[in-house]
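Residue numbering for the sequence shown is 1 to 268, as defined by this note's numbering.
Keep in mind that the hints were calculated from the coordinates and are not lab data. Accuracy of the hints is not assured; some may be wrong.
[Said to hold, decoys possible] List time: in silico SDA-like cross-link candidates among lysine to any residue, alpha-carbon distance up to 20 Å:
| hint | residue 1 | residue 2 |
| --- | --- | --- |
| 1 | Lys236 | Ala263 |
| 2 | Lys236 | Val246 |
| 3 | Lys113 | Glu152 |
| 4 | Lys264 | Gly217 |
| 5 | Lys116 | Ser149 |
| 6 | Lys169 | Asp181 |
| 7 | Lys169 | Ser215 |
| 8 | Lys169 | Leu201 |
| 9 | Lys62 | Gly92 |
| 10 | Lys197 | Ala133 |
| 11 | Lys116 | Gly92 |
| 12 | Lys63 | Ile48 |
| 13 | Lys110 | Ala133 |
| 14 | Lys169 | Ser149 |
| 15 | Lys116 | Glu150 |
| 16 | Lys264 | Ser230 |
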Amino acid sequence: MGTTLQDFGARRQGAVTLAVAIGLMACPALSQQAKPLAGSDVRATYAIAYADCMSLARSEPKKALAVANSWERQGGDEGARHCSAIALLNSGAYAEAARHLESLAATTNKPGKRLKGELLVQAGQAWLIAGQAERALSAQSRALALIGSELELLLDRAITLASTGEYWKAVDDLNDAIDQDPSHAGALVLRATAWRKLENLDLARDDIERALTVSPGNTDALLERGNIRSLRGDAKGAAADWEAVVAARPGPSVAEAARENLAKLKTE
1 MGTTLQDFGA RRQGAVTLAV AIGLMACPAL SQQAKPLAGS DVRATYAIAY ADCMSLARSE
61 PKKALAVANS WERQGGDEGA RHCSAIALLN SGAYAEAARH LESLAATTNK PGKRLKGELL
121 VQAGQAWLIA GQAERALSAQ SRALALIGSE LELLLDRAIT LASTGEYWKA VDDLNDAIDQ
181 DPSHAGALVL RATAWRKLEN LDLARDDIER ALTVSPGNTD ALLERGNIRS LRGDAKGAAA
241 DWEAVVAARP GPSVAEAARE NLAKLKTE
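Whole structure, please, built from the sequences with the hints as guidance.
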């Protein structure tokens, strides 16, 4: 049970799933990027083009990239650039997608901080998928500075911090997240994992039991409780938790982690 991003971030079920999740994150503000003085028909046409391009970026990303590039040449502007970035992401070009998203955040003409922050959130997630945690952390920290300490962004940065071994800093972000929502099972599971990595099994156990109280049968929580029980010498309890995970048929990465742990347990 070595330290891995997946180990800490069970809420993210693998890079492909995360790419799809980001691909679903259209920015509503970008659907309104037609010229302010343009008529309602022009704005509606722009919004439809953006929605269509984003839908294509999810289903046929390579085709969407060509559509987005053509649309940008025809005046698609920021909506086209965002669609292009998401198409790159869903094509597996994670680092290039992250660079596009950061560039768009830096150059957007949309007033206010919200859109820039949302684009940096997506850039941070893309950098993390690309395996560039330091760049992910930079983007996420800038997003936090722009839009404040929102719970999901705190969780994202906590995962990134943990992937670099900064577990105490991850706990700080998770504390802030749990202060906002004490019954957030995902945050409790993440903090339990951080405590385990910091070898504080008592606090890890407390958090994981809280997570299972608010979300009984949560497979991420059961996987983590099995890890904690194993380290506390409760092999029987650990096996029961991991077997429950496999039986529940969760996402493939969580199920595979449980199977691997069960296999290791049999060899010990």
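Is the straight-line distance between the alpha-carbon of Lys116 and that of Glu150 20 Å or less? 15 Å, holds
Given hint Leu201 paired with Lys169 - CA-CA distance at most 20 Å: Holds: Lys169 and Leu201 sit about 18 Å apart, inside 20 Å.
Please work out if Lys264 and Ser230 have their alpha carbons no farther apart than 20 Å. Given pair Lys264, Ser230 holds - Cα atoms ~11 Å apart, limit 20 Å.
Need the status of pair Lys110, Ala133: alpha-carbon distance at most 20 Å? It is violated: about 28 Å lies between the C-alpha atoms, which goes past 20 Å.
Would the hint linking Lys236 and Ala263 be met if the CA-CA limit is 20 Å? 13 Å, holds
Are the Cα atoms of Lys63 and Ile48 separated by 20 Å or less? This hinted pair holds, its Cα atoms lying about 17 Å apart.
Is it true that the CA of Lys113 sits at most 20 Å from the CA of Glu152? 17 Å, holds
Hint consistency between Lys236 and Val246 [alpha-carbon to alpha-carbon, up to 20 Å]: 16 Å, holds
Within 20 Å, alpha carbon to alpha carbon, are Lys169 and Ser149? Within the cut-off at roughly 14 Å; holds.
Given hint Ser149 paired with Lys116 - CA-CA distance at most 20 Å: Holds: Lys116 and Ser149 sit about 15 Å apart, inside 20 Å.
Are the Cα positions of Lys116 and Gly92 separated by 20 Å at most? 23 Å, violated
For the pair we were handed, Lys264 and Gly217, check the Cα-Cα distance against 20 Å. 23 Å, violated
In terms of the numbered hints stated before, the structure departs from hints 4, 7, 11 and 13, listed from lowest to highest.
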